[in-house]
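S.K.: From first to last, the protein sequence lines stand for chains A and B. Just so we're aligned, residue 1 is where the first sequence starts under our numbering, counting upward by one. Just so we're aligned, residue 1001 is where the second sequence starts under our numbering, counting upward by one.
For the record, the hints were derived by calculation from the structure and aren't laboratory data. In this text, a Cβ means the ideal position worked out from N, Cα and C, and glycines have one as well.
Pulled a few chain B residues facing chain A out of the computed Cβ check, cut under 10 angstroms:
| id | residue |
| --- | --- |
| 1 | Asp-1038 |
| 2 | Ser-1039 |
| 3 | Val-1047 |
To give an idea of the chain A side of the interface with chain B (calculated C-beta under 8 angstroms), a few residues:
| id | residue |
| --- | --- |
| 4 | Arg-41 |
| 5 | Gln-210 |
| 6 | Phe-213 |
| 7 | Arg-214 |
| 8 | Thr-218 |
| 9 | Arg-249 |
Ranges between beta-carbon positions, derived for each pair:
| id | chain 1 | residue 1 | chain 2 | residue 2 | range |
| --- | --- | --- | --- | --- | --- |
| 10 | A | Glu-229 | B | Glu-1028 | 44 to 54 angstroms |
| 11 | A | Asp-208 | B | Glu-1050 | 12 to 22 angstroms |
| 12 | B | Asp-1060 | A | Ser-188 | 14 to 24 angstroms |
| 13 | B | Arg-1052 | A | Glu-252 | 17 to 27 angstroms |
| 14 | A | Gly-176 | B | Arg-1052 | 48 to 58 angstroms |
| 15 | A | Ser-106 | B | Glu-1054 | 52 to 62 angstroms |
| 16 | B | Arg-1052 | A | Pro-92 | 53 to 63 angstroms |
| 17 | B | Glu-1050 | A | Ala-108 | 45 to 55 angstroms |
| 18 | A | Glu-292 | B | Glu-1027 | 44 to 54 angstroms |
| 19 | B | Leu-1026 | A | Gly-291 | 49 to 59 angstroms |
| 20 | B | Arg-1079 | A | Asp-89 | 52 to 62 angstroms |
| 21 | A | Asp-35 | B | Glu-1016 | 20 to 30 angstroms |
Residues per chain, in single letters:
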Amino acid sequence: MTTGVNGTKVIGFGHYQPSKVLTNEDLAKMVDTNDEWIVSRVGIKERRIAEHESVADMATAAAEMALSKSGLTAEDIDIVVVATCSAIDRVPNVASTVAARLGVASPAAMDVNTACSGFSHAVAVADHAIRAGSATKAVVVGVEKLSDFTDWTDRSTAVLFGDGAGAVVLTGVEDGEEPGVGPVVWGSVPEMSTAVRITAEDPHIKQDGQSVFRWATTTLAPLARKTAEAADVKIEDVGAVVFHQANLRIIEGIAKRLGADNAVIAKDIVGSGNTSAASVPLALSKMIEAGEVPSGAPILLFAFGGGLTYAGQIIRCP
Amino acid sequence: MTREEIREGLAEILEEVAGVNPEEALEEKSFTDDLDVDSLSMVEVVVAAEERFEVKIPDDEVQNLKTVGDAVSFIETARA
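Only chain B is shown next, with the shape it has when bound in the complex:
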């Protein structure tokens, strides 16, 4: 799975969970500052991403995922 495919998958999750426009869900965008994803929606995004990408994203790791790109990188590494 390429970075772009992971990003597209995340964009779909963000749209479903938090109503984010998929065209806005670019790698450089911050979940909280740019996409208005609050802390509880972030948990919902993480849980959905775990199921979709078959990875584990521990609670301690969630706070380090500031941007869409951070999440893509974490998922890419976890799947490798």
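For reference, chain A alone in the conformation it holds in the complex:
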């Protein structure tokens, strides 16, 4: 009988963004829009677009950085979980390709698709596997290349999305050490399953913007608060909050209702757009690298999106 550990912690983080920048001015040449219109509605100034990189290329780059920061090597890893909804190949999954490129010998390797909320789901899957004793050290990636599914003639969606990847490395805590990853709070809203969609009939991302905006701004703050409570963290002690980077107005709206007054609120959307499952780890990695959060501080991750789905957890800053 394998026995697990009492919890896990984040010991490495990484990210990757393509070099190609698409500004609001660039978009104004493609569709009927302008910088003022985009900034006032969604708060985005520019986004990165993968011209040459595949989903697996970006995932691998982010995972390599996270592995390097963790001090572990590929040989130490025994589970790879990748959150994405934009991998075009059905098989192999992205996790298997990332494992092969990193040189991980024989990991459990799986993709998780819960659209924009994927990364927090993937962290939970890895955390649960390590706590149960099914694995010991994980690479968890959020990656997305939504430019492959963007209708570049539709101004309501073309301005929103960007490409990129982020990753973390998780390991079990020592005996007596407090867990560095809190319990996941997750769920879905099945009656709104078609509110965000990329379907076979029209393989471009579409959404019922007003319905999603209303759901996000009215229901998510209490769930985010519950996420902090689940980890026994007082909301005023949260050092940073990383919401899914969907729309600056949603982020600011939830942050106001949440009342995490002492926290740095991630606003990576301004320069990266909405990168779906990549947005939380991408913003997280950039925030930690910039030294915006002290080591050990609780960071509230909360992701939400297509399904509709949501998931969040508190992690301790490595």
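Take the given structure of chain A and dock chain B to it, following the hints.
M.R.: Just chain B, lined up with the frame of chain A:
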């Protein structure tokens, strides 16, 4: 609650959510064309109006509320 009281309440919400001058928020004014309330601000107005007037304004109904007067009528009927 009279129509005028509902309109005044909406005017306060419009000022708070979208920076609309309360003197401009008259019944005949269009949210988008006259008051420059974009689609997401409209959602914020609706959510605030639901709380203030204790009514439900479904997503499907929001697109039919073109003018301040449309919203006043919907709220007046919903409260009746």
